[in-house]
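Here is how the chains run, residue by residue.
Number of protein chains: 2
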Amino acid sequence: MAGKEVLIVYASQEPKSLNGSFKTLTVEELKKQGCTVSVSDLYEMQFEPRTTRNDIVGDLYNPDHFNYGTEAWKAYENGDLTEDLIEEQKKVNKAELVIFQFPLYWFSMPAILKGWMDRVLVQGFAHDFPKCFDSGLLKNKLALLSFTTGGDEEMYSKKGPSGNIRYLLWPMQHGILHFCGFSVLSPQICFASEYMTEEKRKQTLTAWVKRLQTIWEEKPIQCVPEWYFGDI
Amino acid sequence: MAGKEVLIVYASQEPKSLNGSFKTLTVEELKKQGCTVSVSDLYEMQFEPRTTRNDIVGDLYNPDHFNYGTEAWKAYENGDLTEDLIEEQKKVNKAELVIFQFPLYWFSMPAILKGWMDRVLVQGFAHDFPKCFDSGLLKNKLALLSFTTGGDEEMYSKKGPSGNIRYLLWPMQHGILHFCGFSVLSPQICFASEYMTEEKRKQTLTAWVKRLQTIWEEKPIQCVPEWYFGDI
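As they're listed, the protein sequences go chains E and W. Residues 1 to 232, numbered by full-length UniProt numbering, are exactly what the first sequence covers, in order. Residues 1 to 232, numbered by full-length UniProt numbering, are exactly what the second sequence covers, in order.
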């Protein structure tokens with residue numbers, strides 16, 4: 001939609017991958033709509049995933065006992081975070097929608113993307129207890145996980161060996177995104193991406209572009225256990 | 001127990017942290033039992049979490065389209081993985097028990113530890129479909145997640161805002177460890193570690209050492225949805 005700002009946090013090493021095609025088409029379609037689109041291409045940026053003392057410029061709050069959460073929080077408050085994190089936080093601040101595009105690694109996101117979460121979404125910026133979940137600091141923003149999997153849809157069903165795909169969405173969608181206040185849109189999941197025929201690949205990408213055309217009208221999903229685990 | 005080999009994969013930046021104390025006491029107690037103990041101190045090693053082309057020495061299997069999973073698998077088969085991964089795989093091969101010691105970051109492990117999973121547990125080494133889950137290549141080994149949390153136990157209960165702690169164990173215990181064939185021991189969870197009194201801290205560490213004294217007699221947990229999600 002014209003005037004909207006979108007950030008794509010993208011974690012694939014290969015531009016020719018399905019994730020790469022998703023990213024490229026997302027940028028194209030959103031620009032066509034008149035949106036402003038930023039892309040954080042994590043591998044291209046050689047984004048640092050490790051949470052270390054290097055993230056804090058200058059003196060530590062407690063040099064005798066390094067606690068990353070506390071130090072990053074204080075550094076955020078004092079403008080003492082390292083430049084790459086400030087840049088990412090600026091992009092998040094501007095964005096009305098953040099799309100995470102990645103291949104599923106081990107029932108979760110690749111380490112480089114987990115590092116983006118660990119380092120960018122610090123206390124003071126993304127949450128500040130009790131400002132979390134529905135009152136998280138990034139409320140009024142939308143987030144969407146778009147990913148490819150190795151296993152097929154049947155494997156990720158309730159009776160399948162990997163369990164319902166929703167189970168593995170919980171830590172990412174509720175534990176990270178909802179915790180920070182994001183309204184979470186329905187995930188875009190592309191099962192068994194490596195075994196797709198060329199035709200299926202085209203259909204999948206076309207369906208995604210079609211979804212993007214009405215993405216601004218979508219209602220967020222419920223980030224509650226019932227949605228993830230069924231009737232428990 | 002005398003003669004047993006244990007690997008501790010440790011992800012804390014601060015030796016004085018509770019995670020640091022856990023690690024130190026684990027080494028002490030297991031050595032006292034006559035075990036051989038290795039520690040992979042990931043921050044100290046500046047362990048690389050990113051899955052890139054650098055992990056493969058020499059030519060790629062498909063230089064026109066980089067797929068990390070495929071390339072790491074082929075490189076493993078050909079002995080072409082980078083030296084740091086071969087070292088970690090040797091440690092895993094020798095170990096009868098692998099203990100992961102870390103602070104919970106975002107309902108999961110810190111990125112540096114996720115990177116260890118992404119890079120070390122490659123196809124051919126840890127799994128090779130259909131050799132996964134109960135027939136995973138690391139079967140006959142034990143694994144245990146030992147971690148600290150920010151939130152207290154009530155927050156991580158079924159009705160708490162973070163949901164039952166078991167929900168977030170699923171991707172790690174079933175999706176990673178069980179997938180590779182590990183028999184998973186009951187997790188050691190230290191809730192609200194930053195708000196502990198000194199007395200509670202001592203009690204917690206003492207209880208852990210006591211647990212270690214009979215750890216070789218423990219039965220693995222069930223890695224099935226019912227265990228994680230309750231009666232669904």
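Fair warning: there could be bad hints in the mix.
Chain copies aren't distinguished; within one or between two, either way the pair holds.
[As the list claims (entries may be wrong)] Cross-link-like lysine-lysine pairs, in silico, DSS-like; alpha carbons within 30 Å at most:
hint, residue 1, residue 2
1, 131, 158
2, 131, 200
3, 219, 159
4, 74, 16
5, 74, 158
If you are wondering where the hints come from, they were derived from the structure by calculation, not from laboratory data.
Run the structure past the numbered hints and jot down the numbers of the failing ones, going up.
-> Hint check: 5 fails alone, others pass.
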